[in-house]
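Novice: So the protein sequences, as listed, match chains A and B. For reference, each letter of the first sequence is one residue, going 1 to 221 in the working numbering. For reference, each letter of the second sequence is one residue, going 1001 to 1076 in the working numbering.
Where hints are given, some of them may not hold.
The list that follows gives simulated cross-link-like pairs (lysine-lysine, DSSO-like), each with its CA atoms no further than 27 Å apart [stated by the list, open to error]:
| # | chain 1 | residue 1 | chain 2 | residue 2 |
| --- | --- | --- | --- | --- |
| 1 | A | Lys98 | B | Lys1015 |
| 2 | A | Lys89 | B | Lys1015 |
| 3 | A | Lys29 | A | Lys121 |
| 4 | A | Lys56 | B | Lys1023 |
With the C-beta cut set under 8 Å, the calculated list includes, among others, these residues of chain B facing chain A [to be verified]:
| # | residue |
| --- | --- |
| 5 | Tyr1028 |
| 6 | His1030 |
| 7 | Ser1033 |
| 8 | Tyr1035 |
| 9 | Arg1038 |
| 10 | Asn1039 |
| 11 | Gly1041 |
| 12 | Asp1055 |
None of these hints come from the bench; they were simulated from the model. Every residue gets a Cβ at the ideal spot worked out from N, C-alpha and C, and that includes glycine.
Now for the letters of each chain:
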Amino acid sequence: MPALTLKVDSVQLSFGDRKILQDVYLSCKQGEIVGLLGRNGCGKSSLLKIIFGTLKPSYKYISIDDVYIHKGFHNTRIAYLPQHNYLPKGMRVSQLAKMLVSEAEWDRFSAQPAYLEHGQKQTDQLSGGELRQLEMLMILHSRADFILLDEPFTHISPVQSDGFKQQLREAAKTKGIILTDHQYQNILDVSDRIILISEGRTKPITDNEELVSYGYLNRIN
Amino acid sequence: MFAGNYIIVLLILTKLIAYFSAKGHHYYMHADSFYYYRNAGISIRRLYTYSLVIDLAFLAVIIISYKFIAACLHLH
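Based on the sequences and whatever the hints tell you, model everything.
Specialist: Pasting the structure below:
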């Protein structure tokens, strides 16, 4: 089956007089990880919510294989990991996973050490990091063709981050992934392409030095 | 007859109040879980609406059955 392509074009978003996004173009193919970088308040999370369909901009054109999609979550084409913990409290992880994880992916998901350890626990018995790990695993093994991850490395220790990156690459064999995080080194490590959002515009980054010239970093480590 | 209709209106009103309260409670107290349901392909608003429709349909069946039995007994 040929790889699907998600295209995001001409997104315009304002909050009052303040223009947040005005000249946005972004594409992501299945099998690709696209890293989104930008300063605080530049509109990274808003852009992901617009693609998912839970934030309404003044204008947008979002398509999958050139077919316009009104809201990304319709027919579970796109899944979204928000910044905060999203699993309902007081419910068992295994119950929640069954509704989110695709049947085709279930065996691989249920063999994950995190699920084997915590699958029978309730969500309020888990720490923020454990919950984050399970939430991300569920999203990566969901039915969606495209995955949007908003700060997936938050609450995660460096050792766990390495495991995460492996899981991301594994998921990217069949899905397209767009992710953003302030831990830019993790984004640079795992992404096939980097897009910088600056002054409401998307700028493809071909050389990491450009992150300095656009004022996102002071220097490259 | 008037008292019977009054009770039906009261029952429907109670169910509508319960529907709006449950929906409001979910949006204010469990807003974080919104994305769980969206990612699972479920709309919480639709879920509550379906519950209300099923609830009202069940109520309608009970009322109609009651009226039918009452009419039969009266004819008998």
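Novice: Check the structure against each numbered hint from earlier and tell me which ones fail, lowest number first.
Specialist: When the structure is compared with the hints, numbers 1, 3, 5 and 12 turn out to be violated.
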